[in-house]
Amino acid sequence: MPIRNAPSTAYTATAIALHWLIAALIVGGFLVGLYMTGLKLSPDKLKLYSWHKWSGITVLALAVIRIVWRWTHPAPAPVAGQPRWQHAAAQAAHRALYVLIVAIPLSGWLYSSASGYPVVYFGIKALQLPDLLAKNKETAAVLKELHELLNWTMAALVTVHAAAALKHQLIDHDGTLARMLPWLHRRPHA
Amino acid sequence: MKLPIHAVLTIALLSAHGGLLAAERAIDPSKSSISAVFTQMGVPVEAPFTRFTGRVDHDPAKPAEACALLEIDTASFDIGDDDYNAEVRKPEWFDTARYPKASFVANGLKPTAGGSYEAVGKLSLKGRVAELKAPVAIKAEAGGSRYSGVVVMSRKAFGVGDPAWQDTVEDPVKIKFQIFVPAAR
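So the sequences go chain by chain: A and B. The numbering of the first sequence is this note's numbering, which starts it at 2 and goes up by one. The numbering of the second sequence is this note's numbering, which starts it at 1430 and goes up by one.
Honestly, the hints are just simulated from the structure, not real lab data. The structure displayed is predicted, hence computed values, not measured ones. All residues carry an ideal CB built from backbone N, CA and C; glycine is no exception. Take the hints with a grain of salt, since some may be wrong.
[Said to hold, decoys possible] The following label-pair restraints were derived from C-beta to C-beta distances: (1) N137/A to S1583/B: 40 to 50 Å; (2) V1549/B to A62/A: 45 to 55 Å; (3) G1556/B to L147/A: 39 to 49 Å; (4) Y99/A to A1571/B: 52 to 62 Å.
All chains should be modelled from the sequences, with the hints used to inform the complete structure.
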């Protein structure tokens, strides 16, 4: 994929791949999570819960890799010409999203442990994760609320994040979105 | 009249050991536990039976003559979630309405390596009876003895499980038990 920006102003291909992979998994995990909790108990419900947990653990692992990658490969500076407050807001939102892609899977893992269900990654017994907490109904109820609250917070932030990206693309025409979607460079823009 | 199978077994047990009844002691359920570990989507889930009773007649000098009876309320299986508990009481699983009790009747303890024993007995569940050999470790504790062990059984052998769940819940189920028997006074 051609990235025309000089290296100092571009995201690495790895950073871009991690961004979109995690984006797809959290949107999918969020929607599955919303749907599955309302189902009556059935084998399909348990399958959805398992897939939800596996994708969450995958997000956690990718998030850790992504944070390490970001430390070792700093993000490019913002596109010139933005107001200061916008840059500050974007930075705060990005930080919060980084925190959430770690905190949400962790809260889910804790909730699963407290409910008495170990997380077995991909259903492979050798990949059974340790229980972070002992089974406890009250703790589980609190963690359920926390998991939901963090998710709705993330949903709100992702909406703002995506809206801001579209504003840069459609109103400012400043090439910000193209840094995360390199194929946009093929189209002329202001 | 059709006697429930556990009643038949109880009578059989009592008649077989009529001469030893003096040494028989009731277990203390409050200091005992029985739980089952089933596996769904590769995830082991442990849940206790909260109501059970039992009697043990065991002279340490004569393990071969030891006998025991455990009776478990099938409806007391508590996964900690109402939906699950309701599912497992259905006819396809425990059918608690028709088969409110499961029982294990052991006749004889066989010494095994390391000072442990094997209890050979009959498990009756959901109207079916099958032989079950359970490893038992016996430990003296303040005020009595603790009999504990883990035994794996097949839920399908007892017709427990809705075919719809075939691919979700594995057949082998681990039973973990810790039975406390107060010492004779």
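Right, here's what the structure says about each hint:
1. N137/A to S1583/B: 40 to 50 Å: Once the Cβ atoms are compared, 31 Å apart, the range 40 to 50 Å for S1583/B and N137/A is violated.
2. V1549/B to A62/A: 45 to 55 Å: holds (48 Å)
3. G1556/B to L147/A: 39 to 49 Å: With Cβ atoms ~45 Å apart, the hint holds.
4. Y99/A to A1571/B: 52 to 62 Å: holds (54 Å)
Checked against the numbered hints above, the structure breaks only hint 1 and satisfies the rest.
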